[in-house]
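At position 72 of the sequence shown (counting the first as 1) the number is 72 in this note's numbering, and the numbers step up by one without a gap.
Since the hints were derived computationally from the structure, they do not count as laboratory data.
Just so it is clear, CB atoms sit at the ideal spot from N, CA and C, and this is done for glycine as well.
FRET-style restraints, in silico, Cβ to Cβ:
1) V11 / A149: 41 to 49 Å
2) P22 / E88: 29 to 37 Å
3) A62 / D30: 20 to 28 Å
4) A33 / L83: 41 to 49 Å
Mimicking DMTMM-like on lysine to aspartate or glutamate, the simulated pairs with C-alpha atoms at most 25 Å apart in a straight line are:
5) K134 / E15
6) K134 / D70
7) K140 / E118
8) K134 / E88
9) K140 / D26
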Amino acid sequence: VVQSPSGRVTVVLLEPDRNRRPGQIDAFLDQHAGGGVQHLGLRTDDIVGAVEALGRRGVRFAGTPASYYDALEARVGRVDAPLHRLRELGVLVDSDHDGQLLQIFAESMHVRRTLFLELIERRGARGFGSGNIKALYEAKERELATAVATPQGVGA
Numbered sequence: 001v002v003q004s005p006s007g008r009v010t011v012v013l014l015e016p017d018r019n020r021r022p023g024q025i026d027a028f029l030d031q032h033a034g035g036g037v038q039h040l041g042l043r044t045d046d047i048v049g050a051v052e053a054l055g056r057r058g059v060r061f062a063g064t065p066a067s068y069y070d071a072l073e074a075r076v077g078r079v080d081a082p083l084h085r086l087r088e089l090g091v092l093v094d095s096d097h098d099g100q101l102l103q104i105f106a107e108s109m110h111v112r113r114t115l116f117l118e119l120i121e122r123r124g125a126r127g128f129g130s131g132n133i134k135a136l137y138e139a140k141e142r143e144l145a146t147a148v149a150t151p152q153g154v155g156a
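Kindly produce the complete structure, drawing on both the sequences and the hints.
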């Protein structure tokens with residue numbers, strides 16, 4: 001990680017860990033036959049306003065499982081943002097010892113579905129939202145378990 005003295009520009013370089021099973025970085029390298037830029041994170045002081053403005057201009061954002069928000073405040077504490085708006089827009093929230101991070105990923109606009117944009121609002125947090133990876137996985141697992149437990153047509 002390289003960061004400007006102001007802290008407003010950060011460049012993160014990653015390489016795969018050959019001692020672990022293949023992951024996202026390995027898949028990116030295989031798909032592109034080498035390294036490259038996966039995504040650009042753009043900092044904003046108003047993520048809700050930025051998502052709304054970009055959405056009006058045709059930018060589509062990755063979906064977030066509804067159940068992600070069910071456990072959100074238990075995981076990160078009280079969120080000082082309108083939770084119903086974060087849920088509607090699909091904005092993710094993570095926390096570290098310095099504060100909270102709100103983030104959302106745009107769907108790729110690249111023909112090969114690779115390069116994508118990320119919007120980030122830092123409310124003191126210095127991390128990169130790594131807690132969201134586990135939270136999204138767990139939310140998806142809860143949704144799959146609910147779908148399996150509810151026969152088709154019941155409750156519809």
